[in-house]
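Residues per chain are reported as follows:
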Amino acid sequence: MELIGPLAIQGVHMTLVLALAPLLTGFVRAVKARLVRRQGPPVIQPYRDLWRLMRKEVVLAESSSWLFRVAPYLIFAGTWVAAALIPTFATGLMFSWSADLIAIIALLGSARFFLALAGMDVGTSFGGIGSSREVMIASLAEPALIMIVFSLALLAGSTQLSTIAGYMLSSNVGLRVTLALSLVALIMVAIAENARIPVDNPATHLELTMVHEAMVLEYSGRHLAVIELAGQLQLLLYVSLIACVFVPWGIAPVGAGPLPHLLGAVAYVGKLAVAGVIMAGFETAIAKMRVFRVSAFLGAAFMMSILGVLLLFVSRGGLR
Amino acid sequence: MNSLATLLICAGALLALVPTALAPIGARAGRWITYGGSLLVCAFACAMSIAQLLGLTDGTADIILPLGLPWIGARFHLDALAAAFLVVVNLGAATASLYGLGYGRHEADPRRVLPFYPAFLAAMNLVVLAADAFSFLIAWELMSLASWGLVIAHHRQAGVAHAGYVYLIMASFAALSLLLAFALLAGPGGAYAFDAMRTHRPDAATAAFVLVLAILGAGSKAGLVPLHVWLPLAHPAAPSHVSALMSGVMTKVAVYAFVRIVFDLVGPPLWWWSIVVLSLGAATAFLGVLQALMQHDLKRLLAYHTVENIGIIFIGLGLALAFKAAHMEWAAALAMTAALFHVFNHSLFKSLLFFGAGAVDSATGERDMERLGGLIRRMPQTALAFLVGCFAISALPPLNGFVSEWMTFQAILLSPSLDAWALKLLVPTVGAVLALSAALAAACFVKAFGITFLGRARTLAAETAQETDGFSLAAMFLFASLCLLAGVLPGFVIDALAPAVRMTAGGQMPTQASQAWLSIVPIAQSRSSYNGLLVLVFVSVSAGLCAMAIHQFASRAVRRAPAWDCGAPDPSPITQYTASSFAQPIRRVFATLLLGAAETVDIPAPGEMRPARFEVLIHDPIWETLYAPAAALVGYAADRLNKLQFLTIRLYLTLVFLALVGLLLVLALWS
Chain A
1 MELIGPLAIQ
11 GVHMTLVLAL
21 APLLTGFVRA
31 VKARLVRRQG
41 PPVIQPYRDL
51 WRLMRKEVVL
61 AESSSWLFRV
71 APYLIFAGTW
81 VAAALIPTFA
91 TGLMFSWSAD
101 LIAIIALLGS
111 ARFFLALAGM
121 DVGTSFGGIG
131 SSREVMIASL
141 AEPALIMIVF
151 SLALLAGSTQ
161 LSTIAGYMLS
171 SNVGLRVTLA
181 LSLVALIMVA
191 IAENARIPVD
201 NPATHLELTM
211 VHEAMVLEYS
221 GRHLAVIELA
231 GQLQLLLYVS
241 LIACVFVPWG
251 IAPVGAGPLP
261 HLLGAVAYVG
271 KLAVAGVIMA
281 GFETAIAKMR
291 VFRVSAFLGA
301 AFMMSILGVL
311 LLFVSRGGLR
Chain B
321 MNSLATLLIC
331 AGALLALVPT
341 ALAPIGARAG
351 RWITYGGSLL
361 VCAFACAMSI
371 AQLLGLTDGT
381 ADIILPLGLP
391 WIGARFHLDA
401 LAAAFLVVVN
411 LGAATASLYG
421 LGYGRHEADP
431 RRVLPFYPAF
441 LAAMNLVVLA
451 ADAFSFLIAW
461 ELMSLASWGL
471 VIAHHRQAGV
481 AHAGYVYLIM
491 ASFAALSLLL
501 AFALLAGPGG
511 AYAFDAMRTH
521 RPDAATAAFV
531 LVLAILGAGS
541 KAGLVPLHVW
551 LPLAHPAAPS
561 HVSALMSGVM
571 TKVAVYAFVR
581 IVFDLVGPPL
591 WWWSIVVLSL
601 GAATAFLGVL
611 QALMQHDLKR
621 LLAYHTVENI
631 GIIFIGLGLA
641 LAFKAAHMEW
651 AAALAMTAAL
661 FHVFNHSLFK
671 SLLFFGAGAV
681 DSATGERDME
691 RLGGLIRRMP
701 QTALAFLVGC
711 FAISALPPLN
721 GFVSEWMTFQ
731 AILLSPSLDA
741 WALKLLVPTV
751 GAVLALSAAL
761 AAACFVKAFG
771 ITFLGRARTL
781 AAETAQETDG
791 FSLAAMFLFA
801 SLCLLAGVLP
811 GFVIDALAPA
821 VRMTAGGQMP
831 TQASQAWLSI
841 VPIAQSRSSY
851 NGLLVLVFVS
861 VSAGLCAMAI
871 HQFASRAVRR
881 APAWDCGAPD
891 PSPITQYTAS
901 SFAQPIRRVF
911 ATLLLGAAET
921 VDIPAPGEMR
931 PARFEVLIHD
941 PIWETLYAPA
951 AALVGYAADR
961 LNKLQFLTIR
971 LYLTLVFLAL
981 VGLLLVLALW
991 S
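Residue numbers (our numbering), protein chains in the order written: chain A, 1 to 320; chain B, 321 to 991.
It is worth saying that the hints were derived from the structure and are not from the lab. Glycine is no exception: its CB is placed at the ideal position from the N, C-alpha and C atoms. Among the clues, some could well be false.
Unchecked claim - Quick partial rundown of chain B residues pointing at chain A, CB under 7 Å, derived from the structure:
1. Gly357
2. Phe722
3. Leu733
4. Gly775
5. Arg776
6. Phe797
7. Tyr850
8. Asn851
9. Ser862
10. Ala863
11. Ile870
All chains, full assembly: derive it from the sequences and hints.
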């Protein structure tokens, strides 16, 4: 009997992230359109796009291999599993112990590995340029993420996300410089990893500025739909991660009744909306940077996260 | 009969294969006898070592053979640490022999390979089994010489002779350092047996000297920066199954030598030792992967990447030293397990990747990635196995490379409990470097697989390549499946390593087999846990669900068409991304400063008929600042001393007399 509760939460959670992911993307697009005084597409446009793509035929490049056809499913699966392990509205996830925060990041790395390979499979220069830039971005973003995890883990004494969330909810956190640095670094990494402005522009098809779009250039039909959904899921995942670690209020603790869970879900949707508005505002206000400036941007994130870890040792307040 | 005797007989049997390989029999028979014999012997030895490690057999008694120094004899001993490394050695050796059965067919001159091969395998076994300095060094030198013979097997190819020369010098240097280290350990009494060394501990200064010498000796064999220069030259020069052995196994024997000396023979460590080991490990990991990214020769890329993995192993060993010196045996056990697990993992995937590179080499005659491409269609099975290796070595879940790196991270997270402030601050920084090298490793292997196997064929050789033979494929898939198994069931490996860890680190990790759902829990469930099996199941189920849903609801129509490429596809395969263009962003970001990478672009003015040129120049700062001046100095001194070769007999006699007088004077003043 005691299995059913966590299992149900896990199931609801997995469906919820999948269902909300396109909505978040659509919401950000809608807010951006309103900010520049355009009408913009409706919020549910991403769902329509996905449906449209699913119904279309797949045009496969002649030089593509089996890897090209398998990769979308693996990318999606890696991202979905990672998203399923991040608490959104309740911490009592059934399988949260099967992978800690480091493993979640590495899972996203696995998805990226296949995405980069898929970009190179057809043998066009656009695919290559996208993959090459993607791995350059990842080579800085991933260590920054690991360092952020270090800060959190040293504070909370655990790399388990539910324990970290529980620690952040408790009263003995206080304001810490490390946390501020980690938050800023995490946001910067999230921007880069999700191919958002100013690192990459999801709306562009201008050859030399694109990274993510260049990698998936050869995809069409249902494959493209799966990849798009994985991308939207990843955006949601990062927002959930930031929400879970830095604004965990409202999240339902283990063994809570239905009402806290409902409240948690409402709070979660609220957090997503706030994050969407902030992101849209930020992206409207800033221009995309040159590719080789990205290294400075992410290098700064990396340095801030290292600084955060080192400050932990110097600052007052004991480590666990 | 105890297992140590059996293992010694195995080594003897391997040595007995040497004259057989020299006998005048046909190339085919020679191949079957040498590789088939090595396969059987090493597979048996591997089974024996596993049984010994799991405590199923008893082989702890010493064996003293009446060889070597008369008052010591040749001593051999089999403890848990030796058994753990023997598993790595013999597993790699057996699989390389299996691979050699097929791959050896492409060998133009088998007599240059076959005699050295079993001697090399036997020597590696003997190094691990040896229990006195004398037989250890003899076996070590045999290992170096046999592998040197294999490195220069194709000595007429460009660069091979140079590689062999550099290797020989560095190997002599390593042996000299180890000799001095053992001499210090043995003390003035000449206690060369390991047992005797353990009984009298050296004082702090001597111990520090031993540490430095062990780093110089074992580190140069393992490929620790800045002693790694021979490795990327020599490993790729050998035939591919030997490259696999040198990278996957021989470097591990060097790690064994380091662990044996520093964790076992020299006694309790001091806290600052770990600073040296950690810094060297971090520098090795980062420089190794960065250099690997800059390569476009597939085997050289893999060799440089070995340097990175040695760095990761030494980071684990450094952490173990730090925790052991701070008397946190449980934490030392975690770090040591991570290091030993990585030793095992790296022997699996690096051998696998070298096998793959060898298969590509024999199918196309090319090692240069810029002249390959599209091999996933011509060699689908090799491509699949190589992909598994790339995925595992990039430390991505759910394969094995991730587990050992995850455990290293968990050990790093224990750094606040260390006393020394220098270590408290150094360890997280090392963690940052480790994370950076892990991410760069993934980039490196996206490049290696993407350029070699994906895209379109760049040359005719790549376009007409044939799938490799069954033996090679069997060897590759054996290691690929072991990578998966060790990744999803890491608990069993950790438990198997426990006796070796207890012996070296003084503590032990919690037993993993009893954990629920076969998770691994390094310290406590609330702190961290990982379950590769569940991750694999989740990913497969999600991918399956997604594929099912897509096939249920989406259109199934597929049309083949030319690549889209933004509307302007170019039919020539030369327009694809190349290995060096793939690495360009990372080269700009990291290598401009560290490796002095510079690009020169020469575009002719309109109307000029000469071709445009693009050149990348990469420096090796270590070679240029350390080795080139040393070589120049030796050359200069040799030129000056050259005069001494052409003296008269009277002058020579005078010189001998003067030398004798000088020595006697020194002796008189000394005492």
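Hint by hint, here is what the structure shows:
no., hint, in the structure
1, Gly357, "violated, 39 Å"
2, Phe722, "holds, 6 Å"
3, Leu733, "holds, 5 Å"
4, Gly775, "holds, 3 Å"
5, Arg776, "holds, 4 Å"
6, Phe797, "violated, 17 Å"
7, Tyr850, "holds, 5 Å"
8, Asn851, "holds, 4 Å"
9, Ser862, "holds, 4 Å"
10, Ala863, "holds, 4 Å"
11, Ile870, "holds, 5 Å"
This entry does not satisfy hints 1 and 6, going by the numbered hints stated previously.
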